[in-house]
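Trainee: Now for the letters of each chain:
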Amino acid sequence: MSAVTTDTSGCRITVNGITRDLTGPTHTNALDFLRGQGLTAAKEGCAEGECGACAILIARPDSDGTTRWTSINSCLLPAAALDGQEVITAEGLADGETIHPVQEEMAVRGGSQCGYCTPGFICSMAAEYYRPERAEVRDEQTDHHCGANGFDLHALSGNLCRCTGYRPIRDAAFALGQPEEGDALAARRSRPAPEAVATDVHRTDTAGGELGRYRRPGTLTEAVEILAADSEAAVVAGSTDWGVEVNIKGARAKSVLAIDRLPELRGVRRTADFIELGAAHTLSELERELAGDIPLLGKLFPQFASRLIRNAATIGGNLGTGSPIGDAPPALLALEAELVLTSARGQRRVALSEYFTGYRQTVREPDELITAIRIPLPLAPLTSFQKIAKRRFDDISSVAIGYAVDVTDGIVTKARIGLGGVAATPLRARSTEARLEGLPWTLETVHAAAETLAAEGTPMDDHRASAKYRTAMLKSSLERFYAEQLGRTAATSKEVKS
Amino acid sequence: MSRLSQRPVDPIVGERHPHESAFGHVTGSALYTDDLVGRLTGVLHAYPVQSTVAHARLHSLDADGAYRVPGVVRVITAADIPGVNDQGVKHDEPMLPEDEIMFFGQPLAWVLAETLEAAKEGAAAVVAETEELASLVTVREAIAADSYHGEALTIDKGEVDSALADAAHVFEGEFEFAGQEHFYLETQACLAHVDENEQIFVQSSTQHPTETQDIISHVLGVPAHEVTVQCLRMGGGFGGKEMQPHGYAALAALGATLTGRPVRLRLDRTLDITMTGKRHGFHSSWKVGFTEEGKILALDASLTADGGWSLDLSEPVLTRAMCHIDNAYWVPNIRVNGRIAKCNKTSQTAFRGFGGPQGMLVMEDIIGRVAPKLGLSARELRRRNFYAEGQDTPYYQPVRHPERIGACWDQLISESDLEARELEIEAFNAGSEYLKRGLAITPVKFGISFNLTAFNQGGALVLVYKDGSVLVTHGGTEMGQGLHQKMLQVAATTLGVPLSTVRLAPTRTDKVPNTSATAASSGSDLNGGAVKDACDQILDRLKQVAAGLLGAPAHEVVISRGIVSALSSSKTVTWEELINTAYFQRIQLSASGFYRTEGLHWNLSQMRGEPFKYFAYGAAVSEVEVNRFDGSYTLRRVDIVHDVGDSLSPLIDLGQIEGGFVQGAGWLTLEDLRWDDSDRPSRGRLATQGASTYKIPSFSEAPEVFNVSLLDKAHEEGAVYGSKAVGEPPLMLAFSVREALREAVAAFGASDASVQLASPATPEAVFWAIEDVRSAAGGAPIRAAAEGQRVPS
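Order-wise, the sequence lines are chains A and B. If you number the first sequence the way the numbering used here does, the last residue is 552 and the count never jumps. If you number the second sequence the way the numbering used here does, the last residue is 816 and the count never jumps.
Just chain A, with the same shape it has in the complex (with noise of 0.2 Å):
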């Protein structure tokens, strides 16, 4: 082991107020990193941001230059992607004696039972109790997802426990008032958020040889240099897959490329004919951010994993790791959107709908990076996203269904489908798309495409769905976004009686 030495000099991580020096191996995690420093209150359940037993707080910027204080899983995330960042664990909620009135509401009120989720849960529901727009809402307003205090429990939605069945957890999240005077944390959000550093992290054996190395640039110039020169690099924003390759499969790069805080990978952009998402833009932060200007999106991003992981996962990365499975594009294929992507080379675009070209393959060269996401405009009007999982939140998808259709005087006059987890890639139902187009917005047509929706697709069994569901669920699909459209399916919950 003595052959082997690490050169981080210079990356520092402020810790609950206390600077320390990153150690370890490149791919080291934020939670093994900080474990290894004695702090033991974030914990590994799964490995794969699946349990979010290992959340903790990390200060990022906010679109208005303040900070959020967001969670995220320390288990996916690389610890040299902390160089120069403000982190808080549980054990840092505490001041001194006194605990945080997010720990004590936990606490009193029957939250914890082994207590082994608990750490996880108390920074993810630290992270609503500081989230700047959490106000008190009218009755009428509540139900189960979301108190009167405005905490909104999606914000829990990525944190397992087995012992308590969750309502304790739920009653302590509503319970929360507001952080009073003096609470640092709070005060803390009012300046701005530590800037993202460069950042390379060597690590050599005593000849020199590249062990592995981790490199954070500080402008897109530079990052498409770096892909030129080393063009197997792995390219890293959150990490939310990445972090599962690592910590799961063993994966180990000799080179990790950081691009989730370039500059001109992030915002929102507006203008007469397009909407442009920056690349490295987290899916939490366009979901604030768009504020429901693109529907189709706003209903995906509520069923797109967990506030955990859209807190770092980015919507380029959705569709840089290619999966058929991935939650955003069927929805992006059905708004049509196109890819920015950039190279030392130059600049191109290119439509969603022809990106993908095989099993997680895409026609994106190995020295591209997708620098944004372009939704052309105007919107259609009729717009619906049906995620088909086992589990609610925080699951994968067996099938999912992004619909845009624009119907005039009754008659389909454009019709966008975008399917995903029925075929190697993610692909548009061209053929339904057709046979809608043309005819009367009606049950009769819905029925009469069924069967060509159900044939689109290749849907395989796997440990999630039969093959055959699979092909149900497309089959139903239309008539679903049908009665969608008119009221029917509507989630009726809050009429129930307690």
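Heads up, some of the hints might be wrong.
[Stated by the list, open to error] Just the calculated beta-carbon pair ranges, DEER-fashion: (1) B:LEU156 - A:GLN401: 57 to 63 Å; (2) A:GLU235 - B:ASP735: 42 to 48 Å; (3) B:GLU449 - A:THR496: 27 to 33 Å; (4) B:GLU121 - A:THR512: 43 to 49 Å; (5) A:LEU540 - B:ALA450: 16 to 22 Å; (6) B:ASN220 - A:GLY92: 26 to 32 Å; (7) B:ASP775 - A:ALA345: 49 to 55 Å; (8) A:GLY346 - B:ASP735: 47 to 53 Å; (9) A:GLY464 - B:ALA167: 55 to 61 Å; (10) A:ALA345 - B:ASP735: 50 to 56 Å.
[Claimed, not checked] The list that follows gives simulated cross-link-like pairs (lysine-lysine, DSS-like), each with its CA atoms no further than 27 Å apart: (11) A:LYS303 - B:LYS143; (12) B:LYS594 - B:LYS489; (13) A:LYS468 - A:LYS529; (14) B:LYS310 - B:LYS396; (15) A:LYS308 - B:LYS143; (16) B:LYS180 - B:LYS310.
Simulated from the structure, these hints should not be mistaken for laboratory data. Note that the Cβ used here is the ideal one computed from N, Cα and C, for glycine as well.
Let chain A serve as the given structure and place chain B on it in line with the hints.
Mentor: Chain B in isolation, oriented as in the chain A frame:
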């Protein structure tokens, strides 16, 4: 009232307190086994070499490659075991295989290295030479191949054959249902070192420290007194840490003795889920007879537990399943044949309910299926068959307090506004094409005590220090269930001191020996009895001292919340003064307590006796809404009335009821273990081997409205301070979710539709069930026949 069950005036038991570690949990200061690694230096990390075939002859293991990996210190194989190569107690479970590989994922060897990374790399470099053998992966394959562990067990009571011949209605069917992964958030973990006194000290996340100690002892070939096992706390157990930790603890201990260095062994999630046992899936076939009035006359059933590769706890699990097939219903003539299928999978083990849920599920499934054919609502059919006073179980144990079944039921119907809601649902369904709602009420009767009589003993050590502070150790382990909190309340109540005077120390085998597993819901009964016994011994001595101080007879002395008084004395003294005086009078201020459950007997070969001290009762109502398009559903509302006796700690009991319910609902609806039963090279591999593929309930599956009440007037004479066990019984309240789904599915078909539902009732399974009833009702199903349904009947 018995001395055991009677509460003093102003007791601390019965007060609402959070979990004793709650503040440690929320701040992260509560430590778990693997949090201790950083406190030792020179720790080696262990990682297994796993089998990639389901069944094979193991010819050789070549570890040379591993030793070439920098940082690898030692590779451990079967040949390194100095004692007995068995990680169980049945001598059928080699800790490391010598010649036969029994399941995909089985550890063949372990690599110890300076870092976990090096251990993994080393493990990947070990080469196993194997010869693949034919494998059995499913319970049906095992049945067809006549592959079983042990002997058949039979319950046989009354005249089954003639009763079935005479019955007005006879139905038969088949039902195969899945097991369940424990998915404790903290995976298996242990940390072993040899201490300065050459004592082998193992920190282990174990529900059964004594058995962990025993197995370390026989694997190493050393007496038990050379081994100490400590369990700080577990991040969940649920039965999965009753037997499973032993082999890992023994391996770590072996590694520590071989290398002289501390060894940490923590399974990551993938290792844990592919290597450790699970709840048994079962196959059942049955024939049931009813009278004209809908009373069960006879049941003839087979129960085949999917045991996996070794026996583990399968025999007692099967026994409990057979003893619970009646649930809350009187079955005058009954025959149950039980077998344990042997196949090439993980060795299935204890899981909350321990077979009880599986037996009861068969009965509840029968009732749900046949009620429409009898022309009765399932609610009415259930009610008609409840046990009554004077009736006994299939194993001849009289059912004490059977009226509590009906009491729970009636209280629940009223509290949940059930009848009005049934009408609302009918109206909703009439006006809703794509969404249908269903509501169901189901009962629970669950026997409390280990079926095996010997296990029903507990021990405790109570130390009172000179300053009056009290330290309690007992044989039970804390896995989140709040046992330690209850024990604190028991000790404080018995001694008469404030709760803050008592502290609990972690469970260790050198404090309390020869303990039973913290299992069978018995933790509070057994250890509470023992803690109370130890405290009573000290109290009796202290009363003599207090009598002298107060000038009153000893029998008048009352100690309550730290104040010592007597009726005939105007003086009072504090607890601290009393203890100080007692010390100077040379009175022993410590005691070891012991408890054994009286009145139990069990004959396994005849499946007959009184194995249970008492029964815990409960009932639940669930309401669901099902979507026709994909079979997805929401759990709109759950109401529960449950019998916990006189609660020792109501907030803790509430948590057990709610948590057990949701875990049961997970088993029955969402959690879907899939083994590869194809003929591909991956045959026998668990396809759902992580949190991304094996889904446990999240917030989205928790009931939207969740109301829980404890049964009134529920004193239990036979248990500590009148309480009842609560760990397992509430899990089975979740049958109401499954039955509500059945009702909602039925609403898509004709009114007399009998619905067959797979278990787990995943959205896909519910979808196909809907297709079936729509097809039968002449609707326009998306597909003609439900050939894709996984569970035939």
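Trainee: Now look at each hint and say whether the structure bears it out.
Mentor: Now the hints, each set against the structure:
no. : hint                            : verdict
1   : B:LEU156 - A:GLN401: 57 to 63 Å : holds, 59 Å
2   : A:GLU235 - B:ASP735: 42 to 48 Å : holds, 46 Å
3   : B:GLU449 - A:THR496: 27 to 33 Å : holds, 30 Å
4   : B:GLU121 - A:THR512: 43 to 49 Å : holds, 46 Å
5   : A:LEU540 - B:ALA450: 16 to 22 Å : holds, 20 Å
6   : B:ASN220 - A:GLY92: 26 to 32 Å  : holds, 27 Å
7   : B:ASP775 - A:ALA345: 49 to 55 Å : holds, 51 Å
8   : A:GLY346 - B:ASP735: 47 to 53 Å : holds, 50 Å
9   : A:GLY464 - B:ALA167: 55 to 61 Å : holds, 59 Å
10  : A:ALA345 - B:ASP735: 50 to 56 Å : holds, 51 Å
11  : A:LYS303 - B:LYS143             : holds, 11 Å
12  : B:LYS594 - B:LYS489             : holds, 22 Å
13  : A:LYS468 - A:LYS529             : holds, 20 Å
14  : B:LYS310 - B:LYS396             : holds, 14 Å
15  : A:LYS308 - B:LYS143             : holds, 18 Å
16  : B:LYS180 - B:LYS310             : holds, 15 Å
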